[in-house]
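Asker: Use these hints to put chain B onto chain A, whose structure you have.
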Amino acid sequence: MKQQSWINKAMIYLLLGIGSLFCLFPIFWMVRTSLIDMGELYQIPPGFIPKVFKWDNFRTALDAYPFGRFFLNSVIITSLAILGVLLSASLCAYSFSRIDWKGRDQVFGVILTGLMIPFFVVMIPQYVFWNALHLTDTFVPLVAPAWFGGGVFNIFLLRQFFLGIPRELDEAAKVDGAGHVRIYAVIIVPLAKQAMIVIGLLTFLANWNDYLGPLAFITSEKNYTLMQGLTLFQGSYSAQWNLMMAATTVIVIPSLVIFLIAQRHFIEGIAMTGIKG
Amino acid sequence: MMSPLEDAVNGVQTLKPVRHSSRKHQAAKELRYGLLFASPVLAGYLLFVLVPIAASIYLSFTNYSVGMVPEWIGIANYKTLFTGADPFFYPAVKATFYYVFVSVPLGIIISFFAAVLLNQKIAGRAFFRGIFYLPVIIPLAASSMVWMWLLQPDFGIVNALLKQLHLPTSQWLGDTGSVVPTLILFSFWTLGNTIVIFLAGLQGIPSQLYEAIEIDGGNRLHKLFYITIPMTSSIIFFNTVIAFINGFQAFVQPSVMTQGGPNNKSLFYVLYLFNEGFKSSRMGSASAISVLLFLVIALFTALIFFFSKSLVYYEGKGEQR
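Read top to bottom, the protein sequences are chains A and B.
70 is the number of the first residue of the first sequence in this note's numbering; add one for each residue after it.
3 is the number of the first residue of the second sequence in this note's numbering; add one for each residue after it.
Derived from the structure by calculation, the hints contain no laboratory data.
The reader is advised that the hints may include incorrect statements.
[What the hints assert, rightly or not] Label pairs and their calculated CB-CB ranges:
| # | chain 1 | residue 1 | chain 2 | residue 2 | range |
| --- | --- | --- | --- | --- | --- |
| 1 | B | Ile-77 | A | Leu-181 | 26 to 34 Å |
| 2 | B | Thr-178 | A | Lys-262 | 47 to 55 Å |
| 3 | A | Arg-333 | B | Lys-123 | 17 to 25 Å |
| 4 | B | Met-70 | A | Ile-234 | 51 to 59 Å |
| 5 | A | Gln-263 | B | Tyr-228 | 32 to 40 Å |
| 6 | A | Gly-86 | B | Pro-170 | 22 to 30 Å |
| 7 | A | Gly-86 | B | Pro-232 | 23 to 31 Å |
| 8 | A | Trp-124 | B | Ile-112 | 34 to 42 Å |
| 9 | A | Trp-124 | B | Pro-170 | 31 to 39 Å |
| 10 | B | Tyr-228 | A | Ile-113 | 48 to 56 Å |
Glycine included, every Cβ here is placed at the ideal spot set by N, Cα and C.
In isolation and in its complexed conformation, chain A is listed as follows:
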């Protein structure tokens, strides 16, 4: 490769810098606003660094509504969903990649069409269904799909990964008398740890950040998730932006922490979905 001239490099850094500013500034502004005093909120022009760091905003914001409860609800829903997805998607992916049953690939082809079905198309009948079972306003409608295959997309991803594991390993285990349950649990799943982590992370994001699901299925405040708590907060504190941003910051932190820990997995995972898709 030819050496790039410094002008080229400067241009690249300039453009990346502008892009980074665009990506980061809203997050900075959220944190900044969460720490300022009400008096400073409406100051024109606004200062970039708070004159006084008002940590009290967080307490005021979190005391306004039972955020501890909302947090717990979100944690329960998200953990149950991750557990369900990891278990059921890997079982199904195993079936579609390691067991040679008649009609397998045709069935998989049909299942794949589920990828293209928007939630909005099935939302109303699902609501009617859960309502008939008296399970609306519980976590069941939000968690159940995870235990029933955990999303076609995740099965698809895991199946691709399983297909890359050498078949000789299964054959060797079979010779030793292992059945499918043991091959699945002792060979395939441990070898697919990487893919399982990616799917766990994507499931975390999808459920933790989910706004529509709870809005459709959860009605009473004690069952609200964090996202619903945030909109509840918006309803009554819409002018107190410092408190609003304090609540928002608290809600963003778990996602942010997980991203910082597992950044590499996220980016590899998304890239994987694109190539294989």
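Answerer: Frame of chain A; chain B shown alone:
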């Protein structure tokens, strides 16, 4: 799979009829296990996809609302929508098409060039990639809130900065003319997934191709138009279709930021669908709205399969097909 050698050895060791029946037995066993392992998704597909779609279609021909017995009313729901008797249908369709057909092409172009930049061999590349991906992690409900504050007309930082630079300010989300462009601007903040998928595609381009064009005296633009874009054509297409499908389902942003206003100018289709079903409790008519969405998305999905066959570049064959 058994190798021919193993097969031959087995053939010698076992009598033919026995082997035949054990194979049959084996196939039945595999089928049992296969269905058992796949049973979660088989039940799930039936329960959460197939039956609900059928139910949606059925309900769209009824006047169903929760707690009532659905009554067959033929195509009345569709008629109400298409004749404009429902004053929200056409505004919703218009707002959605406006949003989708502007935000998707621009978003694809921006994320493609962001990916090209992030693919340059420079120091700190991984760091920049992380930054460009970061907004995707933030819950959309939360980032919607943050952007409302940034763009708040009187005290928001964006207007304050514009004022200081003596540039015209805007009402952003508060004005009928600027609300959709503002939501389009916001959509550019969460292009991380698209960028990362483009990056994966760019990394698959052999560097010899660029070297060849350099030897021929080609410049940056030649590289872009003769190598980069053709070599990533399938990924551009994939990303575009996915973006369209997602764009039609933009819900959180209008729901949190505008509730469809002002004057229904940001009443996106799925928000309208949600309101009709859950706020107005007209599940029959909401089902009709969702069936139409399904048809539009099915059309785009059919496009994927149709075009991807002719546009996909096959690694190893070395030619554009």
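Asker: Each of the hints needs a verdict: does it hold here or not?
Answerer: Results of checking the hints against the structure:
{"no.": "1", "hint": "B:Ile-77 x A:Leu-181: 26 to 34 Å", "in the structure": "holds, 32 Å"}
{"no.": "2", "hint": "B:Thr-178 x A:Lys-262: 47 to 55 Å", "in the structure": "holds, 52 Å"}
{"no.": "3", "hint": "A:Arg-333 x B:Lys-123: 17 to 25 Å", "in the structure": "holds, 19 Å"}
{"no.": "4", "hint": "B:Met-70 x A:Ile-234: 51 to 59 Å", "in the structure": "holds, 53 Å"}
{"no.": "5", "hint": "A:Gln-263 x B:Tyr-228: 32 to 40 Å", "in the structure": "holds, 36 Å"}
{"no.": "6", "hint": "A:Gly-86 x B:Pro-170: 22 to 30 Å", "in the structure": "holds, 25 Å"}
{"no.": "7", "hint": "A:Gly-86 x B:Pro-232: 23 to 31 Å", "in the structure": "holds, 30 Å"}
{"no.": "8", "hint": "A:Trp-124 x B:Ile-112: 34 to 42 Å", "in the structure": "holds, 38 Å"}
{"no.": "9", "hint": "A:Trp-124 x B:Pro-170: 31 to 39 Å", "in the structure": "holds, 37 Å"}
{"no.": "10", "hint": "B:Tyr-228 x A:Ile-113: 48 to 56 Å", "in the structure": "holds, 52 Å"}
Consistency note: the structure conflicts with none of the earlier hints.
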